[in-house]
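Enquirer: Since chain A is already given, all that's left is putting chain B on it; use the hints.
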Amino acid sequence: MADTLVPTAPSFLREKVLLGMSPREYVRSVVTPFNVAAALILAVGLPVLFLRFTKGLGAVTNLSQSAPWGLWIGFDMMTGIVLAAGGFTIGATVQIFGLERYHAIERPAILTAFLGYVMAVCGLLADLGRPWNIVQAIFHYGTASVLFEVAWCVMCYSAVLFFEFTIPFLEWLGYRRMVRPLRKALIALTVLSVIFSTMHQSALGSLFLIMPTKLHPLWYSPYIFVLFFVSAVIAGICMVIVESTVSHKVFASQLHGQPVDVEALTLGLGKAGALVTFAYFFLKLQGVVDGHAWHHLATGWGAWFGVEVVGFVLVPSLLFAWGARNRSVRAVRVAALLGILGIVLNRLNVSVVALNWQAPHRYVPSWMEVMVSVTLVTIGVLAFRWIVNRMPILRQAPAQDGAEGSRP
Amino acid sequence: MTYDLLSVYPAKLLEYGLAIGYLLLFIPFWRYLEGGRPAPARAPRRAAAAVGQAGHRGWFRLPAGLHVHPGHTWARLDGDGLVTVGLDDFASKLLGPLAVKVPAVGVPVAQGEAALEASDGRRSVRLAAPVEGTVVEVNDGAGAAHADPYGAGWLFRVRAPRLGSNLRQLLSGSAALRLLEDASEELARRMNPELGVVLQDGGAPVSGIARTLAGDGWDTLARGFFLT
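As they're listed, the protein sequences go chains A and B.
Going by the numbering used here, the first sequence opens with residue 1, and the numbers climb by one from there.
Going by the numbering used here, the second sequence opens with residue 1001, and the numbers climb by one from there.
For reference, chain A alone in the conformation it holds in the complex (with noise of 0.2 angstroms):
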């Protein structure tokens, strides 16, 4: 009689990993239109990227020697970057600055963050041409350039994301004594991502520092680095906006009872999108006069200029502001979305549109590039769902001395 009061031992594969089900099920229900598509452009991109490492640049790219940067360091590494700011936006805005309200997303945030650097550092390997000498960084201290920065910035900013990340990894498992720890930790590895962090973002408008007359003027400013730090808080609160409505859309079931009102958190940072992207827009003007650039706004780089500072930095402020003043979640969230493409529109204009203007021939990339960013993108996203599916990233971790909450 004993024996059956005694619970059976859950295998720790099927409870943990395939969600409950046994692997037939499991295969089963992994078959879905969003999952067929993406092993499609998995089954044509992981070749590429073999192709890439066993064949070189020049057999997938259009890279040469005038265009050296393309689409893996505009997109990939500068927009994969600048996107994962979310992590020390919303990171800085809990642990910090005590606004305890927005901890329901810094989860969500701190995994995007982590996925985006790694997927980030997967595109700038496929990017170098020698890839193996990454870790010659290590060794070497030339501390006089700027890539050693956002080098030593990469390791550190990515090692503290990990730090962050093993906190709901280790509650997954069910090793909660070695969580306590690293939640003491957690402000402290706060503080660092947003040194790391601050530095790296700005470390990469530094990069441009040394390029003036090979970056269009309209663009260039000595102060670039200050546009990216600001910018990069811009998307990191655009994208928590958006990941935070759609996962609170995909993974609704994982929020039932929960007191998590996104609706008010959407429109408070929307506050906060008004008055940065205000800034910004003001700063952008700012770079155009102080580099004595205003002439270039009649040609047709101005009127590029124009669609991204007006159309994807003046109108999504104004939009913010009229958002959060009348609380429609609605026009912060459109806001939120126009002011994602517009970072994206600037770092492609930064490190490829507008980069050797003058060259007389363009650099255009080439369908396979396009199809490794596209991979890599798909690949965090797919590793964004299988770790929310199963991790405590938007749900709390199940207490089990019940006096202790699941802080992150």
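The set of hints was computed from the structure by calculation and includes no laboratory data.
Backbone N, C-alpha and C define an ideal beta-carbon position, used for all residues, glycine too.
Mixed in with the good hints, there may be bad ones.
Simulated coverage check for chain B against chain A, where a stretch passes if three residues somewhere in it have a Cβ under 8 angstroms from a Cβ of chain A [stated by the list, open to error]:
1. 1071-1081
2. 1086-1099
Sample of chain A residues lacking proximity to chain B, with all beta carbon distances greater than 12 angstroms (derived) [said to hold, decoys possible]:
3. Ile134
4. Arg177
5. Arg183
6. Ala185
7. Ala324
8. Val364
9. Pro365
Expert: Using the frame of chain A, we list chain B on its own:
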């Protein structure tokens, strides 16, 4: 591009003009952003439900028509558009006859953030407000929260500008009863970690369960249940 002496002056003039323009425009921008009136109370589609027959789940009861926060406070919509707030039966029995400190009239409270404080004089534990709003009335008879948590023991009333949105985060009906049932099971596990609830467990638990189970560590135990 020439940076001769003459071109520096108009450039500097533009830079300073732009900076001043930004500051001048920032003032109306900020006022516009901050000046939004609070959204009108989005009344829930269903009418304010009167407190109906009590339902039981586990050891604790819950009247119909209440909206319960997972931190074990409840909100009831009143006919005059205000919201009454109190402790649920679980919180009441867990704490026992402790003094509960309520926010003063005019104080804003936020959903899910600490607004109440129960104390035995040495240790205290905070409880979350179930809705966002401004306190407009405080119950002088809040001492009855232990004896009659859903009636005379209500704690305070608030004007809730974002009621519709707030209510979506609260539990009602069977989901609220399920919360109490889960709390009962959790308590049972603590009383008898190996067996949980068994048939021999009859009757209702004593008042002041937290102190009975955890002694001086009652506040730590309660904090886990109240999510604060």
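Enquirer: A separate judgement is required for each hint: does it hold in the structure or not?
Expert: Quick rundown of the hints versus the structure:
no., hint, verdict
1, 1071-1081, "violated (count 1)"
2, 1086-1099, "violated (count 0)"
3, Ile134, "holds, 37 angstroms"
4, Arg177, "holds, 17 angstroms"
5, Arg183, "holds, 15 angstroms"
6, Ala185, "holds, 21 angstroms"
7, Ala324, "violated, 6 angstroms"
8, Val364, "holds, 28 angstroms"
9, Pro365, "holds, 30 angstroms"
Hint compliance for this structure: hints 1, 2, 7 are broken, all remaining hints hold.
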